[in-house]
Amino acid sequence: MTARRISGSGASLSFSFDGRPLQGRAGDTIASALLASGVRIVGRGFKYHRPRGIYGHWTEEPNALVDVTRDGRTTPNLRATTEWLTEGMIVRSVNAAPTAETDRSRYLDRFARFIPAGFYYKTFLWPDWHRFEPSIRAMAGLGRLDPDHEPPADAAPVNARCDILVVGAGPAGLAAALAASRAGRSVMLVDDRPEPGGSLLWNETEVDGVGGAEWAGAVARELRDRGQRVLPDTTAFGVFDHNLVALWERRHDQPDRQWRVRAKTVVVAAGSIERPLVFPDNDRPGVMSAEAALVYLKLHGVLVGERIVLAANNDRALAAAEPLRAAGAAVTVADLREGPVIDGVHGASGVEAVTISGRRMEADCLLVSGGFTPTVHLFCQAKGRLRYDDRIAAFVPGEPLPGMAVAGAANGAFSLQEALDQGHAAGGGNGVAPRAAASGAPLSIKPAWPRPGSKGRQWIDFQNDVTVKDVELAARENFRSVEHLKRYTTLGMATDQGKTSNMNGLAAMAAITGRTIEATGTTTYRPPFVPVPFTVIAGRRRGELFNPVRRLVLEAEHRAAGAVFREYGGWLRPAWYGPGSAFEATLREAKQARETVAIFDGSPLGKIEVMGPQATDLVDYNSYNTLSTLKPGRFRYGFMLTESGVVYDDGVTARIADDHYLVSCSSGHVPGVMARLEEWRQDRFDPAKIAIHNSTAGLATLTATGPRSRRLLEALALGVDLSDEALPHMAFADGVFDGATARIARVSFTGDRSYEITVPASKAPALFAAMVEAGRPLDAFPMGSEALLLLRAEKGFLIAGKDTDGTTMPHDLGVRGPRDRRAGEYVGKRSLFTDDAMRDDRQQLVGLSVEGETPLPTGAHAVDRIEGRRRSIGFVTSSYWSPTLGRPIALALIRRGLGRIGETIELVHLGRPLKASVTPPCALDPEGARLNA
Amino acid sequence: MPDLRQRTAPLDHAATLWSPRPDFASVTIERDGWAARSVTGLSQCLVSGNLAAARKAFAPDALEMGLWSIATSIPILVRIARDRALIVGHDTGVVPSGWRPEGFAASDATDLYAVVEIAGPAMRDIVAQATAADLDSGSPSATVVFAGLQALLYRVDEQAARIHVETSQATALWHWLEKLPG
Amino acid sequence: MSGRYSAFALLREGLRGHTGWKPAWRMAEPKKEYDVVIVGGGGHGLATAYYLAKNHGIRNVAVIEKSWLGGGNTGRNTTTIRSNYFYPESVALYDFALKLYEGLGRELNYNIMFSQRGVVTVAHSDAEMEIAARIVNAMQINGADAELLGPGEVFERIPLANAGPKARYPVFGGVWQGRAGVARHDAVAWGYARAADGFGVDIVQDCEVEGFLVENGRCAGVETSKGTIRAGAMALAVAGHSSVLAAKAGFDLPIRSYSLQAMVSEPVKPCLDTVVLYLGTGTYLFQSDKGEIVVGGGIDRVPSYAQRGNPPAQQTIISGMLEMFPSFGQLKMLRQWAGNVDVVPDSSPIIGPSPLPGLYLNCGWGTGGFKSIPAGGWLTAHLIAKGDHHEISRPFDLDRFATGRLIDEAAGSGIAH
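Residue numbers (this note's numbering), protein chains in the order written: chain A, 1 to 933; chain B, 1 to 182; chain C, 1 to 417.
Note that these hints are calculated values from the structure, not bench results. Please note that a few of the clues may not be correct.
To be verified - So the derived list for chain C, only partly shown, Cβ under 10 Å to chain A, looks like this:
id: 1; residue: Lys22
id: 2; residue: Arg117
id: 3; residue: Ile141
id: 4; residue: Pro270
id: 5; residue: Thr274
id: 6; residue: Ile293
id: 7; residue: Arg301
id: 8; residue: Tyr305
id: 9; residue: Gly309
id: 10; residue: Leu334
id: 11; residue: Val343
id: 12; residue: Gly404
Unchecked claim - Facing chain B, according to a computed beta carbon distance under 7 Å, are these residues of chain C, among others:
id: 13; residue: Pro165
id: 14; residue: Lys166
id: 15; residue: Pro170
Beta carbons: idealized from backbone N, C-alpha and C, even for Gly.
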């Protein structure tokens, strides 16, 4: 092929291909630059590694896939026809080494007969697939991932709405957008090329008295002037429920974007794709789409050959001959409607000659057209059904879908006037549609589908190396449905997604199995219409924008105090403070907390207010423990169960007034508890008599815990009687801090005397400062969550989800009273009486003690043997070294655990045997004397 | 910058991952076409139940706001659900939580929601990235998912949007705004 | 019917233009009556037919399929095979399947390309490592292979994983199952179909069940788009449409159907050698032998039969993948699809008699259907042939919802399955 540049201007750009330095021009795609440089072989077929040249001009291109390096960073698998050339680009072919032209693997073609479609299902069984897999993997894959290139997550998605979304700015789309705009509607017009016009850009046409391209530009200008959105370089790649259309907008100096557009009407004016002819050796470099030749000529000034043979079965493609002759090529036309047949193409590395009906012609380029396939993808994604129109040998949209119109070539209307008329109507246009100069007859075409039993190797899918013989093989083995054909032969599964192969493939199958094309049907159309970068789908959800954690109001204060933060229950919280390892700091804090007074930020703990005349009923129903008997000013600890009777969460509930409760729950469960309270509020009670407010984020809670905690509270002088008679354990009272209500609650998660002070969040910094100040003479210090987890474990206090699993019921935790005695209904009640709930060998929460100084590993399983077989009887849920007790402590869920207290059990961790004794869960101060110490 | 591959012991990864919570009293963002600031000093009160009675009790002059409504003055009643609203800008002082005999519950929400304002000619483009809601059609409820967070969204001006999010999530919203390209 | 497959056969056929290959299965038309009729021509249905013939000598069997065989969830999943479960009942079930998969290609004389490249489930905190330890110990005790990995060992297996200071989910370690891996999903369906057909089983495609024949309170057959077919016993293996068929048979199942999406990238040269799941993102992925990165995650939020899914779930899954492997931001999404998964309250399958005598159930697999195909088929065949459970399937009977004896993997392991 002697493709070359013949016209046009633009800044010169240097690039390289497979190591060869070349020149291109501003405005080139990589493909047009390669053609202009006379490069013939740009890639290799996937399986047989036969040489491949550029076939098409845009997204339908099956062959010219390249890895591109820009600024030292490489991106694999870019399509040369849709990638714009930039200065200094390093371009490499894929799946070929050392170069596409000199590919070492080209010997594989000699063994082609032994490796047809699906051959790998029939072999590689002995000795083992794993023996062959590495070689197969190494030969598979196209481009190469660059391990050092981590594209940023900066593709910001944007939402939009409009009356009409027009996909495609060719004649039909422009007419639709213009009509809609003039009718006063809001319009979005998108086209995947940088300039509007579609086929108007490379065909000699006239619309409303001016050249087609000029008319297109004027329409776009009018739309923009009227405030409509015109998006170039934008592909509509998917239609989803309720007319949601996803767009991929390519931008040059900024990150690409995904648009999510909800349109009242979508007009699909996406044109059509020329399909190849199928004949022996039709995969040779130099065999190109006739339309592509026109595109390269008009848009890039590249003439694809000097001695061109143009073989087509339709008048639209045949019309390419004239412009190519005018550009200086010798063009021989073979009008296949009149009977001639392509016997073959000669030239192993590229077209040298073509034989048609026995006559051999020297040529350096064979342009082919087997017809045009309407681009119906978006219509089909929206679940539209197709019908086959044999006058134009194409599948076109059948029954229209509400909210969607298809116009122009996408609708099988190939003449310019038809396209303008249909677009104008689809846009709801008043008056007359734009007028094309030529009258425009329908496509004249004689189908040239692949024929079974033909000689030679005839390609249908160029990239995945699928031939007519492969389709015959599939049919022979009864993979007759088009879906089986696709999956068995991989036809249509390459990166071009079957744009040039699906029709030929199904037509071949139809012919082979004696069915009509309509009866054979197409495979399911699914997004994306073209491969879309993952970054465009992912958007900005990365790093700290990915599942962001909730923040404490006191975060700055904790940082200043030297906190090391960790994520707990969706919040960022101090794990410990100060220097030293986690282990050292945690032990130090836990030890000191039982000696002086620790200050702990408990703000994330759920604070859900349930208010109203039926609040008591709801709160009672939601809780395993009866709460209606609670007096105002008091707390009660209890569980919330799922409907399966499993402990969902635990926590304390306070009664503020007869009709006002504060339900506390673990920080990570707040949304879940809110949801279940809301659900029962609406479903079982009178919503007008209950309100549920989640006040968690608006209130801050600072806890003072330890033997000196009362002294700290006294120093704060919050105006509350702190005597144990006035404020016993599990009671609360309201005081004042800095003009705001400060609720002081005596609840304890450490087992020591504790006071939780709750104030509006804006008062938290002042309260924290006051506590630190007041605590100075008391050796008060800030304590993190890790120490708290240790302290509560010493007391056997459970953490829901850590010391319970999804089967744990309240009686497994030793709390049987409500199940045994509570009369009324509550969530989960009846599940507590199933066979399984009543078993006597359920997992129960116990403590474990060991000899020596090494704590048990959390997650170690307790085991016993049944009939010689080992089985798990539970596992360790929490395990620490206790600085107060000077020995390890642990909690575990063990089958029949409460009945085993005093026994020694066996455990195993990663194969290592261990022993422990079963104890009650509480290891420290079981009488609870420290609460009032 | 620590490479996690070298790590063998637990490290303080949270320090490198999570940017500090900003000082909402002073922090702002200035960009081409838009700016953002935190709005402080607004009184807020969450009410559920008989909304007419609640309005009468706290802010009889409050204008009702739905999604994308423009609040030209305060106080306002921002609808959340059929029977829930947020009263903003009332002057009755801190509201103690509880049920009122008129048939509604109230709790102070002044510290519950942080308020962020985005203003400028490009404000609409920013909001278009944050929510898919149909702003021009609006909705009686001002509730949306904004930048992935549960929020209330209305305007105080043609080109100024106000977003209420729970205080604990305000940092996430702020970082989302700060990291917008451009 | 199809002649033996081998390298020699390929050689022989290569020399004669591949004209001698026999159909992989007959395009059977249904008879009026069979000993057993199985509704559903996916992996489980076809495997059931195969094992009925092979283990029990029952060959007068039809598998009826509404569309093209293997076109349901078997052709839509992300092909992972593993048995890293928590409860002994689950490990017994899925490890039985894994063991059958290990020899399946040779047994069926069909290369299913089972690649035991391992699965690593990555933990990101001390708390998650405790959960990981709990699972590893459970697996080891129950006889499945498992290792608890530290961070260095995880990065050895997935060198491209996000190791930066801004990684949302840092690698603390994980659960490794070395025998786990992936297989070619279509090949599993085709392999079982061919082998069952070889035993004389009729596989009837494009045949939709319109109703059930009930006589004297017993299931006696089905009404189909190809006429009435009587059966001595029947089984339902129609994942994704279990509720629909159950309704036709007159009973309810505790199943809701959701779309589960999956995507593939364009193929690249090998860059990921194992299967990876991150607990933090819920996204899992691997690289197929063809070079495509295959990725999946959680179900779409709204129940649906549409088999397509919507952009929000896509964004969640894909952003999760890029958070795990930032360099994969170089790649493009080539295909996207969804299956319908049967979601059951305890996320464990339902195998056993249905409320209609004579009709057996094999459903409720949720996102675990592909990995269990050989076991599902074996156990359902046993059930039909013997009229009673194999010990491995007994715990999964429908009656567990009455007794409360749920097998809730997510609950037990602490990890959503």
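Taking each numbered hint in turn, which are not upheld by the structure, reported in ascending numerical order? The structure breaks hints 5, 7, 8, 11; every other hint is satisfied.
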